[in-house]
Structures are given as C-alpha cells and as structure tokens.
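S.K.: Can you make the complete structure from the sequences, with help from the hints?
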Amino acid sequence: EADIYQTPRYLVIGTGKKITLECSQTMGHDKMYWYQQDPGMELHLIHYSYGVNSTEKGDLSSESTVSRIRTEHFPLTLESARPSHTSQYLCASSDAGTGDEKLFFGSGTQLSVL
Amino acid sequence: GQQVMQIPQYQHVQEGEDFTTYCNSSTTLSNIQWYKQRPGGHPVFLIQLVKSGEVKKQKRLTFQFGEAKKNSSLHITATQTTDVGTYFCAGLFFSNFNKFYFGSGTKLNVKP
Numbered sequence: 001e002a003d004i005y006q007t008p009r010y011l012v013i014g015t016g017k018k019i020t021l022e023c024s025q026t027m028g029h030d031k032m033y034w035y036q037q038d039p040g041m042e043l044h045l046i047h048y049s050y051g052v053n054s055t056e057k058g059d060l061s062s063e064s065t066v067s068r069i070r071t072e073h074f075p076l077t078l079e080s081a082r083p084s085h086t087s088q089y090l091c092a093s094s095d096a097g098t099g100d101e102k103l104f105f106g107s108g109t110q111l112s113v114l
Numbered sequence: 001g002q003q004v005m006q007i008p009q010y011q012h013v014q015e016g017e018d019f020t021t022y023c024n025s026s027t028t029l030s031n032i033q034w035y036k037q038r039p040g041g042h043p044v045f046l047i048q049l050v051k052s053g054e055v056k057k058q059k060r061l062t063f064q065f066g067e068a069k070k071n072s073s074l075h076i077t078a079t080q081t082t083d084v085g086t087y088f089c090a091g092l093f094f095s096n097f098n099k100f101y102f103g104s105g106t107k108l109n110v111k112p
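Same order as they appear, the protein sequences are chains A and B.
With this note's numbering applied, the first sequence covers 1 to 114.
With this note's numbering applied, the second sequence covers 1 to 112.
Do not rely on the hints blindly, as some may be mistaken.
As the list claims (entries may be wrong) - In silico EDC-like cross-links for lysine to aspartate or glutamate, where the CA-CA straight-line distance does not exceed 16 Å:
hint, chain 1, residue 1, chain 2, residue 2
1, B, LYS99, A, ASP95
2, B, LYS99, A, GLU56
3, B, LYS99, A, ASP59
4, B, LYS99, A, ASP30
5, B, LYS59, B, ASP83
6, B, LYS36, A, GLU63
7, B, LYS111, B, GLU17
8, B, LYS111, B, ASP83
9, B, LYS99, A, ASP38
10, B, LYS70, B, ASP83
11, B, LYS56, B, GLU17
12, B, LYS107, A, ASP95
13, A, LYS18, A, GLU63
14, B, LYS107, A, GLU63
15, B, LYS107, B, GLU15
Hints are computed from structural coordinates only; laboratory data are not their basis.
Since this is a predicted model, take the numbers as computed values, not measurements.
M.R.: Structural data, given as structure tokens:
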C-alpha cells in the first residue's frame, strides 16, 4: 500500500481561521498534487508540484497556497477559511521517472468551515 | 481545453448484472488510467492503458483503450456488492505530462 499520509483526517473550524493541511509521502516521489472533491463528485486539481521549490496552480481556482520545501512534504494553507472552503482535500503523489505514473492518494482531509 | 468526459454518472444494477462505464476525449491521449473510490474512501489505482487498442483484464474487470486513443471503457462482468463505489478515468495528454485529467466518475450501486 502507498505511503502517503494526510493530517488531520477531519477538521472543523470557524470562519476566518488560518489552517494548514499536511501531506507527506515516503516514496521519494517528485510529483505531488492537491485535489478538492465534494462528496460523490469529481476531483478538481487545485495545486501540483514537479519537485522541490516548484508549485503550480491547477485547473480549479483556489484561495489556498502550497509550498514544497522538501520532497516528501507538500502542505496546503488557507489564510482565512470560509464556509465555501468546506470540502474534502486529497493529496496525491506520483513517480515522475518510471513512465508508469500512477497516482497514490492519501486518505484525505474532510474540512468543515462553520 | 483538455477534458475527459465520462458516462454514465450513476448506474444501479442487480448483483450479477454487468456494468460498463465510458470515457471520451476530443484529443488523443498519451495514456489513460482507471481508479476506484469506495464510499468514504480515497481513489485507488486500478490499471493504466498506454497502447492503441489495448485490452487488459483483472478477474471480472475488462479495460479497453480505443484505437484512436481517445476513448476507454471499463466493463465489470457479474457485479458483486464489493464492486460498489465510484469509478474514475484519468487521462494524460501529450501536451502536458504533468496533469491527470479526471473524468467526472460513474457511481456504481449494486443491489444484493
């Protein structure tokens, strides 16, 4: 099974709070991704990274920001959470060099902003 | 822009019936992958198809990649309750190897 971890698993916070969703992988993968998914709906790419010090915005506009200071770590930050940010956030990674770039997903963080 | 369309959105079947979900792209794909997401879970990789016309089987699951590499299908023979979940296709395009374009998913419900 894939070694990619997300914390917290569930988070309930009030409007205006700053939050950071953690994502770490121990597989040495260069590529990492953040997806946003509402229950039973499609996955929307919000951020991705090719490697250390590389970050790009995805197809879905998001007020969140990401950083990639270490290969294994790809945290996502919301400076001021709002109810519209309520969703599930899935982190994923893939191995860029193998030609077999399957995505390994973390268990997700279910965020509820009150 | 690049997009992968997936149908149907929902499928309800009786246990033992077959199930098929389809993905389609307007432009040629580099490869296509299939994922399964159980209710409350995260997507899990099932298979990758790379070659034109490729067919792969995993027990009761059959995956196909079209000759033009623009469409793909997943067929499940004789569904079981353990097949319940949402099935997503994800395409990679030649123009951008860094992003997977996910279909909207097909939610499968199997009645015992």
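S.K.: Could you work out which of the previously given hints the structure breaks and list their numbers from low to high?
M.R.: 6, 9, 10, 11, 12, 14
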